[in-house]
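Undergrad: Chains A and B supply the protein sequences, listed in that same order. Note that our numbering has the first sequence beginning at 1, numbered continuously upward. Note that our numbering has the second sequence beginning at 533, numbered continuously upward.
If you are wondering where the hints come from, they were derived from the structure by calculation, not from laboratory data. Check each hint, because a few of them may be wrong.
What the hints assert, rightly or not - With a Cα cut of at most 35 Å, we get these calculated DSBU-like pairs of lysine-lysine:
{"id": "1", "chain 1": "B", "residue 1": "Lys765", "chain 2": "B", "residue 2": "Lys751"}
{"id": "2", "chain 1": "A", "residue 1": "Lys272", "chain 2": "A", "residue 2": "Lys34"}
{"id": "3", "chain 1": "A", "residue 1": "Lys513", "chain 2": "B", "residue 2": "Lys711"}
{"id": "4", "chain 1": "A", "residue 1": "Lys272", "chain 2": "B", "residue 2": "Lys765"}
{"id": "5", "chain 1": "B", "residue 1": "Lys751", "chain 2": "A", "residue 2": "Lys272"}
{"id": "6", "chain 1": "A", "residue 1": "Lys386", "chain 2": "B", "residue 2": "Lys690"}
{"id": "7", "chain 1": "B", "residue 1": "Lys711", "chain 2": "A", "residue 2": "Lys207"}
{"id": "8", "chain 1": "B", "residue 1": "Lys711", "chain 2": "A", "residue 2": "Lys275"}
{"id": "9", "chain 1": "A", "residue 1": "Lys275", "chain 2": "B", "residue 2": "Lys690"}
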Amino acid sequence: MDRRNFLKTAAGTGVLAATGGLAMPALSQGAAAKTLRFVPQANLANFDPIWGTQYVVRNAAALVWDTLYGIDSKFQPQRQMVEGEEVSSDGLTWTFKLRPGLKFHDGTPVLAKDVVQSLKRWQARDPMGLMIKAIENDLSAVDDRSWKWQLKQPFPKMLLALAKNNAPCSFIMPERIAKTDPFTQITEYVGSGPMKFARSEWVPGAKAAFEKFADYVPRSEPADWLAGGKKMLIDRIEWVIIPDAATAAAALQSGEVDWWETPLSDLVPVLKAHKDINVDIGDPLGNIGAFRMNHLHPPFNNLKVRQAVLTAMNQEDFMRSIVGDDDKLWKPLPGFFTPGTPLYTEAGGDMLKMKNVAAAKKLIAESGYNGEPVVCVVAQDMSATKSMGDVTAELLKSIGLKVDFVATDWGTVGARRAQKTPPSQGGWSMFHTWHAGADCINPSSYTAIRANGDKAWFGWPDVPAVETEVTNWFNAKDQAEEKAAMDRLNKAAVENVVYAPTGFYLGYQAWRKNVTGVTSGPLPFFWNVAKG
Amino acid sequence: MLAFIIRRIITTIPVMAFVALFVFSLLYIAPGDPAAVIAGDQASPADVERIRQSLGLDRPYLVRFGEWFFRVLQGDLGTSIFTSLPVTQLIAQRIEPTLSLMVLTLILAVSIAVPLGVVAAWKAGTWVDRAVVGFAVFGFSVPVFVIGYLLAYVFALKLDWVPVQGYTPIAQGIWPWFKNLILPSITLGTVYIALIARITRATMLEVLQQDYVRTAQAKGVSNRDVLFLHSLKNAAVPVVTIIGIGVALLIGGAVVTESVFAIPGLGRLTLDAILRRDYPVIQGVVLIFSFVYVLVNLAVDLIYTLVDPRIRY
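All chains should be built: construct the whole structure from the sequences, respecting the hints.
TA: As structure tokens, this is what we get:
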């Protein structure tokens, strides 16, 4: 019996227990009733949201550091720390003003100089920040509450850049901390967000704790994702790191923890059957499964070979390998952008719907494929990449490609995919990953869609048509222009196979019924959550 | 004896230095890049390279090893690449849960396995013997995580006797500490009990066939005295050896057990560090484990002299 099957069996036993009325423990929590215990998606191994860009760090940082603007559930940037902004008629000068009364956790007021230094640090690490930096004349404080951003050319997506939830977010830190080199980790975690980080209790790999910041002044508008009033109804939040899914499920059932961010789909039936547990979709923006082909070397430097792979692909195979039989959790994706978002498009995505092995073989024959092995590097320690890798290996063999399957771990994939050498000299032909749907709403933070050759993400696609449409999207005057650019971008990306999307999938979150106010979103939002 | 102990402790230094060099070299040639993990999945190659440079990972092997070794000689195990916390602090945070787990497991295992092995040998060929052997086979065959899940389901979820996961420091009370550790200790101890019980049974069978045992029985010495005074002491050397060797098993098993029961111990720290390529942490933990292992071997050697007067150093 392997681990996965054992979990399923244990889950079945758990269902019996739950439905059979077995006494579930209700541990005496005492002081724990005022504390929310949360099992995050991963270990909080470091805590600098600019230095590293892991989602788990971003999620914890959203408690401790506030942002100038916050994205809402309609994907619109809303004011958060700022009272207001003005943009000159030529679009070249932005002037911002802070809300009065904002304080850092050390009791000092939030000043414009803190904002300026924080934005400078963020700029160095963020793709949109770098775009602004490239057209920047000056970024400086005007007075204690105001600062000015002067540009060489207009940047219409300024507020989106400051509000977006993609890591790294433009979190505001005290100037002395924000002066830290963006490639060096900060060691002092002082923000102006609704919770303070309990540094002394932090045991990386085991526990991180946050305490309510009494001086936080939430906005008066209702909370909506990262926008609106972040009212903390809980005094203390403990992140409990539980690496084993079955253990996390058991801890949620026993009441030792209150909220589990990412339950394993195999265990969801057990949790759904439990009378004290709610289960619902976690992040409605989900994930886009992906494998990337190396455009630099044979066989995938040949467009026809890349097109053959897309032509033969059946996304359902990939998605079922990740989410199992639950049809609520996946959708076919004939394109590259997040379904259900305003600019979503399937334009030009027919190749991704074909599932035609015969046509793919014909393309391979026309390509002049020489039998070069496809070095398929697959991280076995991440269930999604392992599942997709197994499906891909079969897919490649079915169309006559020779496969050299390299089963390894994510640490190795992370290093190997940066190699530009030929596959036979330590390089690679393809690797698997996924992209958070929140990153794939539009081109602003969608590194994986870029096709600017050497500067592009791993695989280094070079497709000028894609880059033209990225520029057109950034310069679009209204949503109609944006949508048109996205249509053309999607078509060009599919035709040239920038990468291979394997489908769109969602995941659940689970929480005890005595916890109220849990919402679906691209990250766990703790404001307005209460524990009865 | 004192000279022997001092000599043994001094000889651990080159052993540990060699282990350190070996581990450092192994990590150097192993694939993987902590900078890529830190930078996140969406980072550009240029970002990854900047992080590599800021961490000093682009410097030559000998320079990095030399700096690390010099620091270790001063008692500084370096700083974690990921947490920016001193490795000594990370190990200090984690050593109590792991030591607690190992000690409790050891006590449970020895107190259960030795009597089981003795009884099985005494009742050789009977259903008691077969039951003990069967249990030993079970203990060897079932993966640690399966035993862990089953115990957690029955005793934590169904009966609500103990928590499912976590660790309570001993400073907060013996009972909370024990409640958190009892299931992990039984889980980890199952293999260990099986191992010690089998060795005890085998060595006791051999001893029980010796002439002096038959003589003692013929003289009318009670069964209890024959077993525990005359036989067990003479069977103890291999048992003590296997208990010592078993510490290595405990260290390996602790990685899985600590993950299953979410115990923040050194096993989990090591696993996390390996997956992230957090080199200073891996090196620090390996050094600590090596030191523990060397000390256990020393203790085993000393115990030999107590159980067998013929052994002298």
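Undergrad: Could you work out which earlier hints the structure fails to respect and list their numbers in ascending sequence?
TA: 4, 5
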